[in-house]
Structure formats: structure tokens, C-alpha cells
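Undergrad: Chains as they are written, first to last, in this note's numbering: chain A, 2 to 418; chain B, 3 to 319.
Honestly, I wouldn't trust all of these hints.
[Said to hold, decoys possible] To be clear about the criterion: a stretch of chain A counts as covered by chain B if any three or more of its residues have a C-beta under 8 angstroms from a C-beta of chain B, and this derived list gives those stretches:
| id | stretch |
| --- | --- |
| 1 | 240-253 |
| 2 | 256-267 |
[Claimed, not checked] Chain A is faced by these chain B residues, among others (derived, beta-carbon under 10 angstroms):
| id | residue |
| --- | --- |
| 3 | V64 |
| 4 | G65 |
| 5 | R66 |
| 6 | T84 |
| 7 | R87 |
| 8 | P101 |
| 9 | R114 |
| 10 | V143 |
| 11 | L147 |
| 12 | A159 |
| 13 | H163 |
| 14 | R164 |
| 15 | F238 |
Keep in mind the hints are simulated off the structure, nothing from the lab. Since this is a predicted model, take the numbers as computed values, not measurements. The beta-carbon is built from N, C-alpha and C at its ideal position, and this holds for glycine as well.
The residues making up each chain are set out below.
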Amino acid sequence: MVLSFVLPLAFFSIFAVIFGRSGGGTPTVKLILVDQDQSQASHALVKGLTSESSLVVMTKPASDKKNAPPLPDYTAATAEAAVKAGDAPVALIIPAGFGRHPIAFGPGKSGSTLQLLNDQSDTIAPQIVVGLLQKAAITSMPAAMADEGMTYADKYVGGFTAAQQAKVDEKLEALRKLEADGKTGNGSSDGGNSGSGPAAAGIVAVNVRAVVGENKKSPMISFYAAAIGVMFLMFTASSSAGALLDEAESGTLERVLSTRVTMTKLLAGKLVFNTGLAFVQLVAMFLWGWAVFKLDFFSHLPGFVVMGLCTAFAVAAFGMLLASACQTRAQLGALSTLIILIMSSVGGSMFPRFLMPEAMQKAGLLTINAWAIDGFTKIFWRDLPVTDLWPQVGVLVGIGVVFFLVARRVARRWEYA
Amino acid sequence: MTASAQKTTMEFGTALEVDGLVKRFGDLTAVDGVSLAVRAGECLGLLGPNGAGKSTLIRSMVGRVQQDSGRVTVMGNAAGSTEARMALGWVPQELSIYPRITCRENLGSFGRYYGLKGPTLKDAIAWCLNWAALEEKQDDVAKTLSGGMKRRLNMAAGMIHRPKVVLFDEPTVGVDPQSRNRIFEMIEALRDAGTAIVYTTHYMEEAERLCDRIAIIDHGKIIAEGTKEELVEKTFGKRSQVLARFAGETQAIEAWASRHGGRVKGETAEFTIEQAGEIAPLLDDATKAGLELEDLTLRRPNLESVFLHLTGRELRD
Numbered sequence: 002m003v004l005s006f007v008l009p010l011a012f013f014s015i016f017a018v019i020f021g022r023s024g025g026g027t028p029t030v031k032l033i034l035v036d037q038d039q040s041q042a043s044h045a046l047v048k049g050l051t052s053e054s055s056l057v058v059m060t061k062p063a064s065d066k067k068n069a070p071p072l073p074d075y076t077a078a079t080a081e082a083a084v085k086a087g088d089a090p091v092a093l094i095i096p097a098g099f100g101r102h103p104i105a106f107g108p109g110k111s112g113s114t115l116q117l118l119n120d121q122s123d124t125i126a127p128q129i130v131v132g133l134l135q136k137a138a139i140t141s142m143p144a145a146m147a148d149e150g151m152t153y154a155d156k157y158v159g160g161f162t163a164a165q166q167a168k169v170d171e172k173l174e175a176l177r178k179l180e181a182d183g184k185t186g187n188g189s190s191d192g193g194n195s196g197s198g199p200a201a202a203g204i205v206a207v208n209v210r211a212v213v214g215e216n217k218k219s220p221m222i223s224f225y226a227a228a229i230g231v232m233f234l235m236f237t238a239s240s241s242a243g244a245l246l247d248e249a250e251s252g253t254l255e256r257v258l259s260t261r262v263t264m265t266k267l268l269a270g271k272l273v274f275n276t277g278l279a280f281v282q283l284v285a286m287f288l289w290g291w292a293v294f295k296l297d298f299f300s301h302l303p304g305f306v307v308m309g310l311c312t313a314f315a316v317a318a319f320g321m322l323l324a325s326a327c328q329t330r331a332q333l334g335a336l337s338t339l340i341i342l343i344m345s346s347v348g349g350s351m352f353p354r355f356l357m358p359e360a361m362q363k364a365g366l367l368t369i370n371a372w373a374i375d376g377f378t379k380i381f382w383r384d385l386p387v388t389d390l391w392p393q394v395g396v397l398v399g400i401g402v403v404f405f406l407v408a409r410r411v412a413r414r415w416e417y418a
Numbered sequence: 003m004t005a006s007a008q009k010t011t012m013e014f015g016t017a018l019e020v021d022g023l024v025k026r027f028g029d030l031t032a033v034d035g036v037s038l039a040v041r042a043g044e045c046l047g048l049l050g051p052n053g054a055g056k057s058t059l060i061r062s063m064v065g066r067v068q069q070d071s072g073r074v075t076v077m078g079n080a081a082g083s084t085e086a087r088m089a090l091g092w093v094p095q096e097l098s099i100y101p102r103i104t105c106r107e108n109l110g111s112f113g114r115y116y117g118l119k120g121p122t123l124k125d126a127i128a129w130c131l132n133w134a135a136l137e138e139k140q141d142d143v144a145k146t147l148s149g150g151m152k153r154r155l156n157m158a159a160g161m162i163h164r165p166k167v168v169l170f171d172e173p174t175v176g177v178d179p180q181s182r183n184r185i186f187e188m189i190e191a192l193r194d195a196g197t198a199i200v201y202t203t204h205y206m207e208e209a210e211r212l213c214d215r216i217a218i219i220d221h222g223k224i225i226a227e228g229t230k231e232e233l234v235e236k237t238f239g240k241r242s243q244v245l246a247r248f249a250g251e252t253q254a255i256e257a258w259a260s261r262h263g264g265r266v267k268g269e270t271a272e273f274t275i276e277q278a279g280e281i282a283p284l285l286d287d288a289t290k291a292g293l294e295l296e297d298l299t300l301r302r303p304n305l306e307s308v309f310l311h312l313t314g315r316e317l318r319d
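Pulled out of the complex, with its shape left as it was, chain A reads as follows:
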């Protein structure tokens, strides 16, 4: 009972706490920022980056002790050391002289070059920082943008007249003043992380509207309820089906087969029992998700029942096939552990398949886990109707039937001598 119910719920809870944050969205990236320029432009850039909700900007190390005096700002050397130590995945160095020529339009032009130091093991953080850096540059340094634009205009229209240049200089000076007073748009936003509403107050207005999960707070709860659930269902199913081996070893199986019970009836009866057991396990998992993690369970009941029964049937037949193919309980334990762990990792029970390379995603379709998780995702995350489950239902039921027939064929070794 403990292994069938307590352990899966514990695993699910761990994953739900880790991955099922309310609000969801892109995880934040820690960024160490070193401003060697200390100009108005660099200050504006730092301010722009600091206002990004996806970044946690650190200009100085955090103090270990409470009430201790603040530590000095990061330098290039200490920033590099901090990235190496794992304090942050990326550090951005704004070089001295940045403010004189912060922006250049087009490649190969003489603008300042910022230096990004990163930890190669995190391939996503540098991309996020570079993208947000471009955005912050556009939105937090309008004066620099305008200045560079006027330089190009002066060059390509054949030169401003003195009066025109004076006007440009006057307007640029006013813009710089506004910038210094903080009255220009800093582009702060949550980057669409809330799911709906206006996103960046940038040069292109964007309105973000979530079409999936708009009113859902914890998108990963149902995913992991299904993902962890299927994995533990498989363990339970193979263990339960192993009772067949115990009976064969003890001689009880011989005796049962001498009664009116045929091998087909015996296996079918065990299949029905194990399907029921697996379904009860799933119910427990999702009810726990509802009770503890606010999973919206009852409004998805019909879809849950359909997917739950199909998944339970498939894993029960899977367990039966494994048990029929093995000679002893020990062999069953070793083989089932190996196969289930492989299927669970490839099938998405441990890590979402949509984050895997495409080849791995396709390989996942060879597993019960993938089809079950896809089906539950359709129900609980995408709010699709039950009729949309036909591919998942078809595959899972088909897997169950094929596995049972093969198990029946393999079990002939116990039927007659």
C-alpha cells in the first residue's frame, strides 16, 4: 500500500512544488552587471535592465551576514570569478567609454562592445540577457537612439544646415534631460509573463493574450500528476502481475489451472484487477493534486475517467506481459525497473517532452507514458473535449490489447506440459 500510494504521492508533491509555481512563466535569470562607464547612457541601460522582471540584476555581491556593511560593486575580475563560482550564469560588463557611442545601427559599425561572460552549461541565460539588452537599449536610451539616427540622416541627406543642426541639437538635449529625469519610457514590463495584457512599452506595441491556460495558475501540476502517476502505475502493475510468478513457483497456479479456470480467464481476471488498481492509483494522485495543489479536477472528470481507464488498462497489460516473460520475481524486478525507467525518461515522465530534441520526442511516442501524458494534458491544460482524445485512447487501448495477447501467448508455457 505504501509503495502503491504513498511513494507516488510523495514524488508527485516534490515535482509539483518544484515546477508548479503559480504564475508560471519564464524563470528569472541572475545577471551580474558591471558599469565601468558610469555615464548617463550606461546608467540608463542599467536602469532599463534592472526593470526587467525576467532578470535579477546584481551590481554588488550579497552580504552573507545580517546588518553587515554592503560589499563593494562588482568589477570585471570579481564578476568573472562570481560566474565561475556559480553565483550567476551571466555577467555583463559595460566598458568605459560606452556612453560616448553606445549604439551603432548595422553590423561592423563603430559602437561600443559590451562583454557578456557566461556559464556554458546554461545555454538559455545568455540568449535571454542579449535579447533583453537590445530591448533595454532601444527603450531606455532614446536620446542615444535619436542621436545615432540624426547622425545617419545628416550623412545621407547631404548634411544638415546650421539651423537644422541647431534644432537637432536642441531637441536631443531636451530628450537627454527627460531621460536623466526618468521621464522617458523604460520599457519595463513583465514581458508577457502574466499571460495577458500589454507587453513591453517598446517601439512596437504588443498586446499579449493567453489562449491556453489563461485562467490557470499552476500549469505543471496536472502534467506531473499524469507523468509521475504513469511511471508509478507501471511499477505497481508489474509488481502486481508478478503474483503470477509467485503462484507458479508455489504450485498454486497448477492447482488453479486444474479447476474450471482456464489460463485466458485467469489472465483476464488479473488484468481487470490490475486495471482497477491502477485507476484507483491515478484517482488518488489527481485527488491529491486537487486537495493540495488546487488542481481543477472535478470539472475535467469525464476526460479524466476516459484517459484514466485507458492508461490503467495499458499499464496493466504491460505489467502482465513482463510477468509472463520472466521466470522469477527477481528477474521481473530487474527487467521492469530497467524498462520502466527508460520508458519514463524517454516518454516524458521525468522531463517534459516538448523540451527534448525532436528525435527524442518522436522516440517518446513508443512509450505508454507519452500517450498518457499527452491525453491528460489535452484534458487538463488545453481543455479539449473528450472526443479529441481519440488518438490517445486508440493507441493506449491498442497497446493494452496487443500486450495482453502476447502475454497470453507467452503464458502457454504454464498451461500444459
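Given the structure of chain A, go ahead and fit chain B onto it with the hints provided.
TA: Relative to the frame of chain A, chain B by itself:
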């Protein structure tokens, strides 16, 4: 079919019939043309050394072995058919009960396997518990029972559907004398109630007590069949058995026994004689050979003697 089996079939009707059964496992012929018949209310003993083919024969009767040729019928139905299964009870040598559930639950499980339910099942369980004297233990988990009680539960599980024919495969192995006696009483009660019984055992005294007829099987063949008296008569005629224990060199004893058509087992020489007067010349010769007689027994041959004579082996070899 042997003449004895033919006679019983004609006179009394046959509950279990085996006709020309052959079963091979690769190059090994485990059962080689066995024919026998058991009528209602009769107990047929099946004696044979290890590897003689008893278990294969029993399992063929149960329908767990598909024979290569021949026929097994139970109450006129082919072995393995539903009707045959319902008419046949099997008590295997191994304890084939569920250790983690109670006696009552065990009987309930096996009853359901036979299609019993409701009041019929309830009555059957009550009868089995009474027959096996396990009423006081009905709610005890099977693995907590003593060895003898487990054996009785094992037997009861084979009787839950009140079969007409019961196969007992060494039901008293590892059982204390008191429990063994109780098991004998249970089997005698069944036989007296008209159940046809096939009983395999390694214990000669069990066969002598319980069995109306005995079939001796060796190397897959029935080598002798009949009542105890018939077997002794057929094997030894009117001859008696002499057992003589000597002190002296083993080689000398063996040489002396060999001269007089006997055999030696340990320090005891065994002979068969027609008349008591044959003993004196034997002992005279022994004295001349320098052998000192320590003990002398004259008796009618028993089942063990028959077995040993026919197979050349002890039953428990």
C-alpha cells in the same frame, strides 16, 4: 487394460479410466502405455520409486499434461474437459494454498475457481472445514498453521467441489503421526462415501492400510496390479521370506547368500523358501562358511518385498 481393471469396469462402472497412456518428454518416455481403472468407492494405490512416472501419470489424469497417445476419462468425460475437472479433485504433493489468507478464505477462493457461489459455496466450505477438522482454525491465516493442518487444508481445497474422483499425491509428507492418522481417517471416510481415490505414497504401510488395490509403476509402466494378497501371491506364490542376520565378513555373507539364491542388505540376508524345512540346510551351510547367526525371522512377504522384488529398489530410493 489389465484383466483386473477390465473386470472392475464391467462389474461396477468406472469412475476413472486410463487406457494406453503414453507421454514423452524429448527422448524420455515418462509414461509408457499405462492402463488402469478405478471404480467408485475404491482406493487405488500407486507405488513407484522416484522417476517412475507417477507424477506425470497423475498430472495426465488431472489434465495438466497432454498425452502423446492414449486416453484418460473421468466419469466418462475426457480429462481436461470442464465436466472432468468438476468431477475430479487433486491434492498435489506440494502445499498449494495461499499462505497469506485464512483457511476459510482459501477454501472460498478455490470454491469460486470451481464455479461455486452463494449458499452452495458456504455449505461446501463448512463441509470441508468439518471434514478436515479445521473449524477452530477457519479464521487463522494459513501460514500460521502447523504442518499437519496445512496438509489438511491442502486436502480440503481439493475437495471443496465434492468431486467423485480424488487424486492424492503423497498427502502425508512431513506430517507428524497424529496428523497422519487423522488424514487416513479423512481418506477412509471419503472412500466409504463412494469417492474413487488414487493414492500415491512412499510409505508401504499407508498403501496397505488405505488401498483396496495397488498398482506398481516403474520406468513408466505398470509392472504389477492387484490387491496386496494378489500381488504377494503373484510374486512369491506360497513362498515365505527368511531374513537372517549374521556376524562375519560381508564378502562371506554375500557369497553364501548368492549360493542359495538370496540377496544381502546390510548384514541381513534375504531368501524365499517354500517350506520351513529348507531353513536348516541353509543355516548348516552358513555355519560351515564361518558365519555366526545372530537373528532369524520367518515371515510372509509383504508389499515392500513385492516392490523390492519387482523393481530391485527400495520404495524410498
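Undergrad: State for each hint whether it applies.
TA: Evaluated hints:
1. 240-253: Since 3 is at least three, the answer is holds.
2. 256-267: holds (count 7)
3. V64: holds (5 angstroms)
4. G65: holds (7 angstroms)
5. R66: Holds: closest Cβ of chain A sits about 6 angstroms from R66 (chain B), inside 10 angstroms.
6. T84: holds (6 angstroms)
7. R87: At 6 angstroms from the nearest chain A Cβ, R87 (chain B) passes the 10 angstroms test, so the hint holds.
8. P101: holds (8 angstroms)
9. R114: Holds, because the Cβ-Cβ distance from R114 (chain B) to chain A comes to roughly 9 angstroms (cut-off 10 angstroms).
10. V143: violated (15 angstroms)
11. L147: It is violated, given that the least Cβ distance between L147 (chain B) and chain A is near 15 angstroms, above 10 angstroms.
12. A159: Interface hint status for A159 (chain B): holds (7 angstroms vs cutoff 10 angstroms).
13. H163: It holds, given that the least Cβ distance between H163 (chain B) and chain A is near 8 angstroms, below 10 angstroms.
14. R164: With a closest approach of 13 angstroms, the R164 (chain B) hint is violated.
15. F238: violated (37 angstroms)
When each numbered hint is compared with the structure, violations occur for hints 10, 11, 14, 15.
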